[in-house]
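Here's the letter readout for the chains.
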Amino acid sequence: MTLKEALKLSPEEIAQVREALAQKIAQSDLNAYVALDMAGSGIPIAIKDNIQVQGWSVTSGSKILKGYIAPYNATVIEKLHAAGLSPFGRTNMDEFAMGSTTESSCYGRTLNPHNKGCVPGGSSGGSAAAVAGGLAIAALGSDTGGSIRQPAAFCGIVGLKPTYGRVSRYGLGAYASSLDQIGPMTQNVEDAALLYDIICGHDPKDSTSADIAYAPTAPNLSANRKLTVAILPKYVEGASEAVRAGYTKAISALKAAGHTIVERELLDPKYDISAYYITATAEATTNLARYDGIRYGARVEGDNLKDTFIRTRSEGFGDEVKRRIMLGNFVLSSGYYDAYYVKAQKVRQLIKHEYETIFQEVDLILSPVAPSTAYPFGALEDPLTMYLSDIYTISVNLAGLPSIALPVDRDAQGLPVGMQLIGRAYDEQTVLDGAYSLELQLKTQE
Amino acid sequence: MQVDDTLLSKLENLSYLKVSDDKRAEIIAQMDKMIAFVDNLSELDTSRIEGSFAMSDTATRLREDTPFCDTRINDDILMHAPRSDEHFFIVPKIIE
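Those protein sequences? They're chains A and B, same order as listed.
Numbering follows my numbering, in which position 418 of the first sequence is assigned residue number 418; successive positions increment by one, without gaps.
If you count the second sequence from 1, you need to add 1000 to reach my numbering.
No wet-lab data here; the hints were simulated from the structure.
Yeah, the Cβ is synthetic: ideal placement off N, Cα and C, and Gly gets one too.
Take these hints with a grain of salt, some might be off.
Unchecked claim - Derived pair list, reagent style BS3-like, types lysine-lysine, alpha-carbon separation capped at 25 Å: (1) A:Lys226 - A:Lys249; (2) A:Lys63 - A:Lys8; (3) A:Lys270 - B:Lys1033; (4) B:Lys1033 - B:Lys1010; (5) A:Lys66 - A:Lys306; (6) A:Lys234 - A:Lys346; (7) A:Lys79 - A:Lys4; (8) A:Lys306 - B:Lys1033; (9) B:Lys1033 - B:Lys1018; (10) A:Lys79 - A:Lys63; (11) A:Lys306 - B:Lys1023; (12) A:Lys234 - B:Lys1010; (13) A:Lys24 - A:Lys8; (14) B:Lys1093 - A:Lys306; (15) A:Lys255 - A:Lys443; (16) A:Lys79 - A:Lys116; (17) A:Lys63 - B:Lys1023; (18) A:Lys79 - A:Lys205; (19) B:Lys1018 - A:Lys66; (20) B:Lys1010 - A:Lys8; (21) A:Lys352 - A:Lys270; (22) A:Lys255 - A:Lys226; (23) B:Lys1018 - B:Lys1093; (24) B:Lys1010 - B:Lys1023; (25) B:Lys1033 - A:Lys346; (26) A:Lys205 - A:Lys234; (27) A:Lys352 - A:Lys234.
Said to hold, decoys possible - So, partial list: chain A residues that the calculated Cβ filter (under 7 Å) puts toward chain B: (28) Gln23; (29) Gly293; (30) Ile294; (31) Arg295; (32) Met326; (33) Lys343; (34) Gln345; (35) Lys346; (36) Arg348; (37) Leu380; (38) Leu384; (39) Thr385; (40) Met386.
Construct the complete structure from the given sequences, taking the supplied hints into account.
Right, here's the structure in full:
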C-alpha cells in the first residue's frame, strides 16, 4: 500500500493496516526496526532513530543514549500528527548517522531485503529496508552526506533530500548542522512529494529554516514538463559497470520522455570528499560534545567529573564516532585550523558556485548515487574506503541542494541501481517532476 | 602531516576520549591515511575566496526574545537523567 492510497483510508481501515504491519514487522528478520514504538493512531510512518518523538527512547543507534527518553516532538513529528500520520517504529541507523552501511549501529546490522548478505546502505538503512521490505508505507530519514539517497538506491526505493532549510531540523539529533536535512523515503516519487509537502515549511525553532514561500509539490506534480538535464560523462567514469549501465539507461529514458540532455563537468569528487569530511567531523565534534553522561543517556561513573566524561564517552561511542570526533578536533585545533577547516570552507564555496553556474543553463543534473550497488557486509571496513564510497552524494549537501534518488535498473545479481536528480536550491518541484517523468518512462519501457 | 602517539594523546584530551592500548596503532594508521587524503585540498587555488561559508546570503533572522518555560520538560528530563535529585543533576564531587 502506498502513502497516496493510505491517505484515503478510514480510521477503521488504518487501524487494520497498523495491526497487519505490526505483525509483519514482528515476523521480519531484516532488523530494520530497533523498536516498534508507537505514538498516535494515524497512518503509520517509520521514524529514523535520530528524530525526537516524545516519550520514545531515541538513541541515534548509540549506546551512549541508552535510557534517554525524548521530552518533546521534533517539528516534523508535530507536522505528521497534524496531517493524520503517526510515528510507528524506530528504524535502525549507523551510530549518529556516521556511516554508509548501518553496520555501526549498537543494535546490530540491518539486512538488505533484496539480498540478505548485502548492506542496506546507510546511514538511514533501517528506514530504507523497512520501505523496501514491505514493512513500512513510508519512512523519514536524514541526509548529511547521502544518508537518505544511498540507502534508497541500495534498497530500490525513492529518497528525497530537500534543500537545506526546507525541512526543520528542530528535534533532529545533530551530526553536522550545516549539512543535515530530514527527508521522505518512499515507494515512489508521488509519495515522496506527498510526505515532503507534509514535513516541509518554515519553523521559528530552527534558525536555519528558510522563511520563504512553500508551494505544495504533490498537487502540481507533472511528468509533462520538458526539462534540460545535465549529464556528467567524466564524473561517472569511476562507477561500476552496472552503475554506468544504469546511467545510460536513465539518459535514454529521459531523452525518450522528451527532455533535453546536455553534457557538463564537475570538479574531481576527491575534493568533495575532503571538504566534506573536514566540515562534517568539525561540526560533529562540537555537536557530540553534549554527550557527557550528566544530563541524559548512559553514564559510566569515574573517579571525578573529568574521568566520568572520559569513561562515559569512551565506552558509549563506537569506533567510527570516536575517529570522527578526533578528526574533527584535529581540523579545528590550533595550528591546523586554517590549513584544514578554513580551506574546506573555501572549497565548499567553489563547489556551491560550480553548481550555481551549471544551473544557470540546466534544470536538473543526473548523477549516480553510489559508485556501486549494495555490497556484502564487511566490504567497507577500512574507514577511508567507506568515505570514498560517498563521492556522488556529498557535494549536494555541501552546496545545500535538493536531490532525489530513485531506482532505474537492476545489476546482474538483481540488486537495485539508483540514480539521483539534483536541482536548484528550493526547487523541489522540478526535482520531483523530473523524477516522476523518469519513473513513468521507465515503467512504460518495462 | 604525520599522526603519532603524541598527536593522538592530544586529540584524546581535546575529545574527552581514551583509545585503548590495543587499538592505538590501528587508529593512528587510519587517521594518518585520512589526513594525508584530505591534504589534496592544497592542490586547489582558493586565494581569492573568503574563509567563511554560509548557505544563505541573508543574515539569520532575529526574533523577539520571549520568555518560555514549560517545567514539565524539566521534570521529564530529570526523571530520565542518569542521576538526579530534587531538581538537580547529581555529578561526581567537583570541589575537594
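Evaluation of the provided hints:
Between Lys226 (chain A) and Lys249 (chain A), the direct Cα distance comes to roughly 18 Å. Compliance with the 25 Å bound is thereby established for this hinted pair. Using a Cα cut-off of 25 Å, the hinted pair Lys63 (chain A) and Lys8 (chain A) is violated, with the two alpha carbons roughly 40 Å apart. Restraint check for Lys270 (chain A) and Lys1033 (chain B): the C-alpha separation of about 14 Å stays at or below 25 Å, so the hint holds. The suggested pairing of Lys1033 (chain B) with Lys1010 (chain B) holds, with an alpha-carbon distance near 18 Å, which does not exceed 25 Å.
The suggested pairing of Lys66 (chain A) with Lys306 (chain A) holds, with an alpha-carbon distance near 21 Å, which does not exceed 25 Å. Of the supplied pair hints, the one linking Lys234 (chain A) and Lys346 (chain A) holds, its CA atoms being roughly 24 Å apart against a limit of 25 Å. Note on Lys79 (chain A) and Lys4 (chain A): the hinted pairing holds, with a Cα-Cα distance of about 17 Å set against a maximum of 25 Å. Proximity of Lys306 (chain A) to Lys1033 (chain B) is assessed by CA-CA distance (about 30 Å); at most 25 Å being required, the pair is judged violated.
This hinted pair checks out: Lys1033 (chain B) and Lys1018 (chain B) have alpha carbons roughly 20 Å apart, not beyond 25 Å. Restraint check for Lys79 (chain A) and Lys63 (chain A): not satisfied, since their Cα atoms lie roughly 29 Å apart, outside the 25 Å limit. The suggested pairing of Lys306 (chain A) with Lys1023 (chain B) holds, with an alpha-carbon distance near 22 Å, which does not exceed 25 Å. Restraint check for Lys234 (chain A) and Lys1010 (chain B): not satisfied, since their Cα atoms lie roughly 41 Å apart, outside the 25 Å limit.
At roughly 22 Å between alpha-carbon atoms, Lys24 (chain A) and Lys8 (chain A) fall within 25 Å of each other, so this suggested pair holds. Under the criterion of a C-alpha separation no larger than 25 Å, the hint pairing Lys1093 (chain B) with Lys306 (chain A) is consistent with the structure, at around 10 Å. Between Lys255 (chain A) and Lys443 (chain A) the CA atoms are separated by roughly 15 Å; this keeps the pair inside 25 Å, and the hint holds. Using a Cα cut-off of 25 Å, the hinted pair Lys79 (chain A) and Lys116 (chain A) is violated, with the two alpha carbons roughly 34 Å apart.
Restraint check for Lys63 (chain A) and Lys1023 (chain B): the C-alpha separation of about 19 Å stays at or below 25 Å, so the hint holds. Annotation: proposed proximity of Lys79 (chain A) to Lys205 (chain A) holds, straight-line Cα distance about 14 Å (limit 25 Å). Restraint check for Lys1018 (chain B) and Lys66 (chain A): satisfied, since their Cα atoms lie roughly 20 Å apart, inside the 25 Å limit. Note on Lys1010 (chain B) and Lys8 (chain A): the hinted pairing is violated, with a Cα-Cα distance of about 59 Å set against a maximum of 25 Å.
For the given pair, Lys352 (chain A) sits about 15 Å from Lys270 (chain A) by alpha-carbon distance, which is consistent with the 25 Å threshold. A hinted pair counts as satisfied when its Cα atoms are at most 25 Å apart, and Lys255 (chain A) with Lys226 (chain A) qualifies at roughly 10 Å. About 21 Å separates the Cα atoms of Lys1018 (chain B) and Lys1093 (chain B), which keeps this hinted pair within 25 Å; it holds. In summary, the hint linking Lys1010 (chain B) to Lys1023 (chain B) is supported, as the alpha carbons are separated by about 16 Å, within the 25 Å threshold.
Of the pairs offered as hints, the one joining Lys1033 (chain B) and Lys346 (chain A) holds, with about 23 Å between alpha carbons and a cut-off of 25 Å not exceeded. For the suggested pair Lys205 (chain A) and Lys234 (chain A), the alpha carbons sit about 42 Å apart, so the restraint of at most 25 Å is broken. Taken as a hint, the Lys352 (chain A) and Lys234 (chain A) pair is honoured in the structure, with Cα atoms around 19 Å apart against an allowance of 25 Å. At its closest, the beta carbon of Gln23 (chain A) sits 30 Å from a beta carbon of chain B; the interface hint therefore is violated under the 7 Å criterion.
Residue-level restraint check for Gly293 (chain A) holds (minimum Cβ-Cβ distance to chain B is 6 Å; threshold 7 Å). Hint status for Ile294 (chain A) relative to chain B: holds, with the closest Cβ pair at about 6 Å, below 7 Å. Below 7 Å, beta-carbon pairs count as interface contacts, and Arg295 (chain A) has one with chain B at about 6 Å; its hint therefore holds. About 4 Å separates the beta-carbon of Met326 (chain A) from the nearest beta-carbon of chain B, less than 7 Å, and the hint is met.
Among the interface hints, the one on Lys343 (chain A) holds; its C-beta lies about 5 Å from the nearest C-beta in chain B, closer than the 7 Å criterion. The restraint placing Gln345 (chain A) at the interface with chain B holds, with a minimum CB-CB distance near 4 Å, inside the 7 Å limit. Hint status for Lys346 (chain A): holds, given a least beta-carbon distance of 4 Å to chain B, under 7 Å. A distance limit of 7 Å between C-beta atoms decides the matter here; for Arg348 (chain A) the minimum to chain B is near 5 Å, and the interface restraint holds.
Because the closest C-beta pair between Leu380 (chain A) and chain B is about 13 Å apart, greater than 7 Å, the hint is violated. For the restraint placing Leu384 (chain A) at the interface with chain B, the shortest Cβ-Cβ distance is roughly 5 Å, inside the 7 Å limit, so the hint holds. Interface restraint check: Thr385 (chain A) against chain B, minimum CB-CB distance 10 Å, threshold 7 Å, status violated. The interface hint given for Met386 (chain A) is violated, since its Cβ lies 11 Å from the closest Cβ of chain B, which is over the 7 Å cut-off.
In the structure shown, a violation is registered for the earlier hints numbered 2, 8, 10, 12, 16, 20, 26, 28, 37, 39 and 40, in ascending order.
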